[in-house]
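A.B. asks: The residues making up each chain are set out below.
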Amino acid sequence: MSEDFDYIEQFLSGEERAFEALVRKYQNKVLNIVYSLIGRDRDSEDIAQEAFLKVYHSLSSFKQKCQFSTWLYRIVVNTAYDFLRKRKHLVSNDAVLEAAHTFSAGPQEELLMKEKQMLINNALTSVPFKFRAAVVLKDMEGLSYSEISRVLGCSIGTVESRIYRARQFLKVKLSRAGGDLL
Amino acid sequence: MKDCIKVQRLLSGYLDNEINSEDTSLVAGHLVICAQCQKELAELSRVKADILELMRKPLPQDYLVSRLRDDLVDERRMKERFSLAGLGNLSRRLIPVPVTVIALSIALLILSPGQYSNKSSLDEHILSGNSATQETVLGLILGTEN
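For the protein sequence lines, the chains are F and L, in the order given.
Mapping of the first sequence onto my numbering: position 91 corresponds to residue 190, and the numbering continues sequentially without gaps.
Mapping of the second sequence onto my numbering: position 129 corresponds to residue 149, and the numbering continues sequentially without gaps.
By construction, these hints were calculated from the structure, which means they are not laboratory data.
Everything numeric in this text was worked out from a predicted model, so none of it was measured.
By construction, the Cβ of each residue, glycine as well, lies at the ideal position given by its N, Cα and C atoms.
Among the hints, a few may not be true.
Part of the chain F face toward chain L, derived, beta carbon under 10 Å [stated by the list, open to error]: (1) Thr169; (2) Pro227; (3) Arg275.
Calculated lysine to aspartate or glutamate pairs in the EDC-like style (CA-CA distance at most 20 Å, straight line) [stated by the list, open to error]: (4) Lys153(F) - Glu73(L); (5) Lys77(L) - Asp140(F); (6) Lys77(L) - Asp181(F).
So the derived list for chain L, only partly shown, Cβ under 7 Å to chain F, looks like this [said to hold, decoys possible]: (7) Glu63; (8) Asp70; (9) Pro78.
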């Protein structure tokens, strides 16, 4: 945490490299969040980049009243939300298939892995955004309910309720869709 | 059954280690004796694990940094272009001002030489010590007095 503040201080005193250190530190976390929220690999990197650009331009207004990561994740969630709102789409199967990653497994295992990811991605992107954001921040990034409440700007009770409902929704969706696969 | 409803509502928070110690004891104690709630907990754990399946492969360390550098360079270029264009517009707006002022000054010089000769006539008239009537002065200023 203090390392982040050090980078911020250095950046604000003119050291551009300090900002690059922040990007390197958080890029994979940010990409995982964005990808889980929008379900589209192709757009995830653009959204992550856009979020970091927003951070770059507004870092001087960061009050350091919360952790940098909290502030960053708030920007990331809002940027992903804006993207979905503008596009007004959820996710198509084609996009999910295209999104599947390359693994060092054999072709058969790889295919099953892709299919499984497609099912999970479909289920996750069908969860309403505010519930999805809560469960992604919890399960993907391991944030506490308190941290999530600060990122999403709601109470801890609301976070608990959103995560509970998102998991119930996903449990039903995945058990219907998955069969033996999941 | 009554306990099951309460415990199942707490299971998500229990899984995340986010419920208080009293509720944690209640859930843990109930799970020992209830297969249905154990199954529910296993299903929720699987949902949690499934989300982690979406974790991406880590990007090369400088991947986003270099994309951001390119973006920032483009942004700066755009700003410079914009500010140069702005300067161009400003100069286009400002150049006519001194030109007009100079043109008007020249026109005044050409069109009203008499005024200056009359002024010197007035000065000479006053300096000569002759008494000047109001009519004489006005005539000299307006260029009607010879």
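A.B. asks: Which constraints among the numbered hints does this structure fail? Numbers only, ascending.
C.D. replies: 1, 2, 3, 4, 6
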